[in-house]
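Trainee: Single-letter residue listing:
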Amino acid sequence: MPYAVRDVKRAAEARGILYYPKKGKGSHAKLKGPAGKAYILPSHNGLKTEVDDIYIRKLCACYEWDMDEFIADL
Amino acid sequence: MKTEFWFLFERSEQLPDTWVAQCLDLDVVTYGRSVEHALEMVLEASRMILDEDAEAGLDPLARRAPKEDWDKLEKLRQAPKAYIPVGMMNTRQDDFRIFAVQTEIPKVAQVRRRPAVKRGRVAVDVAAAAVNNSSYGHSAIAL
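For the protein sequence lines, the chains are A and B, in the order given.
Counted from 1, the first sequence has number 28 at position 29 by numbering that gives the first Met the number 0; the numbering is strictly sequential.
Counted from 1, the second sequence has number 91 at position 92 by numbering that gives the first Met the number 0; the numbering is strictly sequential.
In isolation and in its complexed conformation, chain A is listed as follows:
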């Protein structure tokens, strides 16, 4: 099922990830982990943007999170 970027942001921040909103005319926000590893967050429609399972899977793989646990927090 689709997930709102607003919820992804909240769940990521709860895991210690920093959120940086999109700049200027850009369409992507970014998440940044403690080691400086960034991941790009689609933000075409701001926090209302919806993403599907593949995005959640990639995000969880990037930060080595358990996908089922992350989805449960959305």
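Don't read these hints as lab results, they were simulated from the structure.
Mixed in with the good hints, there may be bad ones.
Stated by the list, open to error - Keeping only pairs whose Cα atoms sit at most 20 angstroms apart, straight-line, the calculated SDA-like set for lysine to any residue is: (1) A:22 <-> B:50; (2) A:22 <-> A:56; (3) A:21 <-> B:51; (4) B:66 <-> B:15; (5) A:21 <-> B:55; (6) A:21 <-> B:71; (7) A:31 <-> B:57; (8) A:21 <-> B:53; (9) B:71 <-> A:52; (10) A:31 <-> B:51; (11) A:31 <-> A:3; (12) A:47 <-> B:33; (13) B:66 <-> A:56.
Start from chain A and add chain B according to the hints.
Mentor: For chain B alone, kept in the frame of chain A given last:
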């Protein structure tokens, strides 16, 4: 330094009228409402990752997508009837569900060189740049 990257585009199974765009080399995923929009978005997201990793002293190629994602590309490359002219992508978007393009990632400044130009026109320009850089003789590969 690697200059050309593989991008895979698939119709979203969960979001209507949406293309999921992925840079396989960087394992970056984003979305677009059309092929052109998805291409513009994935180039922007990929450029951001390259810039962020350069700033953090990280190797962006260490992000490489897992084998199952590259297998989709291999399947496309091995299907002889899967090649279509990129110029027809606009008119035949309803005819396919997955395609791939290999191209360079432009600087953000290049993508938005003409801020006065309307968004749709910029998207077309980016798509044209990708087409011209395709290693498949101005063709994308699609299934």
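Trainee: Hint by hint, say whether it matches the structure.
Mentor: Do the hints match the structure? See the list:
For the suggested pair residue 22 (chain A) and residue 50 (chain B), the alpha carbons sit about 14 angstroms apart, so the restraint of at most 20 angstroms is met. For a cut-off of 20 angstroms, the pair hint linking residue 22 (chain A) to residue 56 (chain A) is broken: about 25 angstroms separates their Cα positions. With a C-alpha separation of about 14 angstroms, the suggested pairing of residue 21 (chain A) with residue 51 (chain B) holds against the 20 angstroms cut-off. The suggested pairing of residue 66 (chain B) with residue 15 (chain B) is violated, with an alpha-carbon distance near 27 angstroms, which exceeds 20 angstroms.
Pair hint residue 21 (chain A) plus residue 55 (chain B) holds up; C-alpha atoms about 19 angstroms apart against a cutoff of 20 angstroms. A hinted pair counts as satisfied when its Cα atoms are at most 20 angstroms apart, and residue 21 (chain A) with residue 71 (chain B) does not qualify at roughly 31 angstroms. Proposed proximity of residue 31 (chain A) and residue 57 (chain B) is supported: the alpha carbons are some 13 angstroms apart, at most 20 angstroms. Taking the CA atoms of residue 21 (chain A) and residue 53 (chain B), the gap is about 19 angstroms. The hint holds against a cut of 20 angstroms.
Taking the CA atoms of residue 71 (chain B) and residue 52 (chain A), the gap is near 17 angstroms; set against the 20 angstroms cutoff, the hint holds. A hinted pair counts as satisfied when its Cα atoms are at most 20 angstroms apart, and residue 31 (chain A) with residue 51 (chain B) qualifies at roughly 9 angstroms. Taken as a hint, the residue 31 (chain A) and residue 3 (chain A) pair is honoured in the structure, with Cα atoms around 19 angstroms apart against an allowance of 20 angstroms. For the hint linking residue 47 (chain A) to residue 33 (chain B), the alpha-carbon distance of about 19 angstroms falls within 20 angstroms, and the restraint holds.
Distance hint between residue 66 (chain B) and residue 56 (chain A) is fulfilled; the C-alpha atoms sit about 14 angstroms from each other, no more than 20 angstroms.
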